[in-house]
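Student: Hey, can you work out the whole structure from these sequences and the hints?
Same order as they appear, the protein sequences are chains A and B.
Okay, so the first sequence: first residue is 1 according to this note's numbering, each after it adds one.
Okay, so the second sequence: first residue is 1 according to this note's numbering, each after it adds one.
Calculated from the structure, these hints are not laboratory results.
Treat the hints with care, since some could be wrong.
Where chains are identical, the list cannot tell them apart; a pair therefore holds if satisfied intra-copy or between any two copies.
As the list claims (entries may be wrong) - Dumping the calculated DSS-like pairs for lysine-lysine here, alpha-carbon to alpha-carbon at most 25 Å:
no.	residue 1	residue 2
1	Lys188	Lys151
2	Lys174	Lys77
3	Lys174	Lys204
4	Lys176	Lys77
5	Lys188	Lys117
6	Lys188	Lys74
7	Lys77	Lys188
8	Lys79	Lys306
9	Lys19	Lys306
Protein chains: 2
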Amino acid sequence: MVIGIDMMGGDYAPLEAVKGIGLYLSGHTIQASLLLIGDRPAIEALLSEQAIPADHIKIMHAEQVIGMHEHPTKALKEKQKSSIAIGFHLLASGKIDAFISAGNTGAMLVGALFSIKAIEGVIRPTISTIIPRMNGATGLLLDVGINADCKPEQLNQFAIMGSVYAQLILGIEKPKVGLMNVGEEEGKGNILAQATYPLLKENKHIHFIGNIEGRDVLTDKADVMVCEGFTGNIILKLAESLYEIAQAQSLNNAYFNRFDFEIYGGTPVLGVAKPVIIGHGISGARAFMNMIHLAQQMIEKDLMGKMKEELS
Amino acid sequence: MVIGIDMMGGDYAPLEAVKGIGLYLSGHTIQASLLLIGDRPAIEALLSEQAIPADHIKIMHAEQVIGMHEHPTKALKEKQKSSIAIGFHLLASGKIDAFISAGNTGAMLVGALFSIKAIEGVIRPTISTIIPRMNGATGLLLDVGINADCKPEQLNQFAIMGSVYAQLILGIEKPKVGLMNVGEEEGKGNILAQATYPLLKENKHIHFIGNIEGRDVLTDKADVMVCEGFTGNIILKLAESLYEIAQAQSLNNAYFNRFDFEIYGGTPVLGVAKPVIIGHGISGARAFMNMIHLAQQMIEKDLMGKMKEELS
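Tutor: Next comes the structure, spelled out in structure tokens:
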């Protein structure tokens with residue numbers, strides 16, 4: 001397998017990407033060859049400086065970079081020689097098996113949705129976030145921002161995609177699916193939640209446990225938490241802020257430290273036909289390493305194939 | 001002024017209500033007479049047991065109680081002699097100037113909406129929550145649950161009601177109003193947020209500062225945070241859970257301790273013509289005391305009158 005990495009994306013590019021590759025290659029679970037996409041001289045200099053062995057690595061030069069604040073669609077169209085545009089070309093044509101970038105999030109989404117396309121039957125792809133739980137477990141919340149308005153059928157698909165992800169990647173055998181809502185009983189909620197409940201209840205591909213509330217987000221009541229991207233994004237960013245607050249309060253608490261989302265690496269775009277992983281702009285070496293491992297897992301376990309199966 | 005208190009509502013009724021009245025009456029800012037509504041013998045016994053002086057206190061016997069899990073509309077209709085039903089009769093007829101209960105939330109809402117009615121022009125009343133900020137300040141979030149689906153015009157009214165509340169009760173001179181959203185720029189968000197932004201921008205009764213995100217909920221970026229009740233309820237319950245998590249982690253951190261919502265007393269129903277305050281079921285003595293103080297402030301400062309002015 002070949003994993004493509006945009007070396008020019010993120011606030012600390014390309015240094016942290018190079019360091020992350022170093023970490024990955026010094027590990028024991030290397031299954032992938034890496035294709036480093038970006039400014040060749042800069043990458044070569046850093047690889048040598050960091051004393052990273054050349055096995056498993058190839059470089060694909062990209063003479064352009066899409067800036068973090070450029071307009072996604074416009075930039076992707078006009079900068080065909082940018083690392084992100086090249087990455088998607090390579091992924092679409094099968095030259096790489098996964099594509100990772102901590103660069104312009106919008107451009108990554110546009111690329112994923114329009115260069116790679118959705119899995120057959122998927123109304124709209126989604127992005128998720130991991131939610132750390134006090135008992136050491138990990139929950140999954142989706143959508144967290146690309147689908148601010150949803151139909152019940154979309155939430156039903158998020159439940160399936162989230163369940164497959166939780167099974168294959170998070171290692172949860174029979175993920176409990178909860179519908180984010182304002183009360184426990186069936187019939188509670190806004191129009192969307194009320195209309196979604198029966199779909200989830202009848203969905204044989206998931207293990208639906210009913211409604212969950214705000215107080216359940218940080219507990220392990222549900223492994224997969226389903227909502228539209230408006231609510232999900234607000235929960236995600238509130239959860240992210242907990243780490244900063246814990247830092248500001250000098251807590252150094254093991255649980256709150258797990259809200260440092262930088263360590264998780266990135267979020268895969270679920271529902272597209274090939275693995276695309278979007279990293280935080282602030283991604284450091286550890287985040288890059290984790291994204292490479294995640295890409296490797298997604299390929300090894302044929303996540304996209306399993307999703308296609310469950311969704312059909 | 002006379003403040004009516006439902007003595008039979010809440011998990012620890014009537015003992016904690018009696019204790020709370022004791023705390024209020026031992027303070028230095030007593031401006032109100034209290035009308036205690038509930039089981040007279042039980043109340044009298046507790047008042048005597050707690051050695052609470054009889055000045056400022058009258059008792060109105062109520063022979064029925066609406067249970068915490070009864071159907072609100074049905075219970076209010078069938079139990080005309082319950083403390084909640086009597087409280088609303090007294091408030092509607094002007095015999096009391098405010099009504100407080102930690103009882104059945106649904107019955108309190110139904111009573112507020114149908115016995116007391118909305119302020120002229122108000123599409124739908126709302127409930128809010130206080131959000132503690134790290135710098136010691138206090139923010140206001142609304143709606144937190146009674147309006148799961150909203151129109152832009154409702155959010156615009158929440159902004160006005162929240163601003164008046166923040167000014168008069170929280171003592172914030174020129175409250176900054178933020179629209180809960182998924183991005184900072186105008187044009188971001190779901191259909192509702194997109195349609196609400198221009199209304200808030202043009203609203204001369206408020207000081208609108210633009211969109212705020214999940215990460216801004218616990219900062220002091222906006223004093224008044226506006227959203228529909230679905231998102232607001234999830235944020236509220238997530239915030240409430242932070243206290244339990246901090247407890248479970250044995251943090252004993254001053255900031256996280258402020259997420260013990262029990263201490264705040266209760267939430268007023270905003271947009272109804274008279275002061276109605278709904279307490280948590282778990283309200284203890286301190287919560288009851290705070291609710292009485294809040295009712296007193298709402299009357300003294302003519303909160304409802306000011307809201308009517310700003311809304312017209």
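Student: The structure should be examined with respect to each hint, and the outcome stated for every one.
Tutor: For each hint, the structure was consulted:
no., hint, result
1, Lys188 x Lys151, "both (17 Å within a copy, 19 Å between copies)"
2, Lys174 x Lys77, "neither (42 Å within a copy, 45 Å between copies)"
3, Lys174 x Lys204, "within (12 Å within a copy, 53 Å between copies)"
4, Lys176 x Lys77, "neither (41 Å within a copy, 40 Å between copies)"
5, Lys188 x Lys117, "between (35 Å within a copy, 24 Å between copies)"
6, Lys188 x Lys74, "between (42 Å within a copy, 18 Å between copies)"
7, Lys77 x Lys188, "between (45 Å within a copy, 22 Å between copies)"
8, Lys79 x Lys306, "neither (34 Å within a copy, 56 Å between copies)"
9, Lys19 x Lys306, "neither (32 Å within a copy, 60 Å between copies)"
In the structure shown, a violation is registered for the earlier hints numbered 2, 4, 8 and 9, in ascending order.
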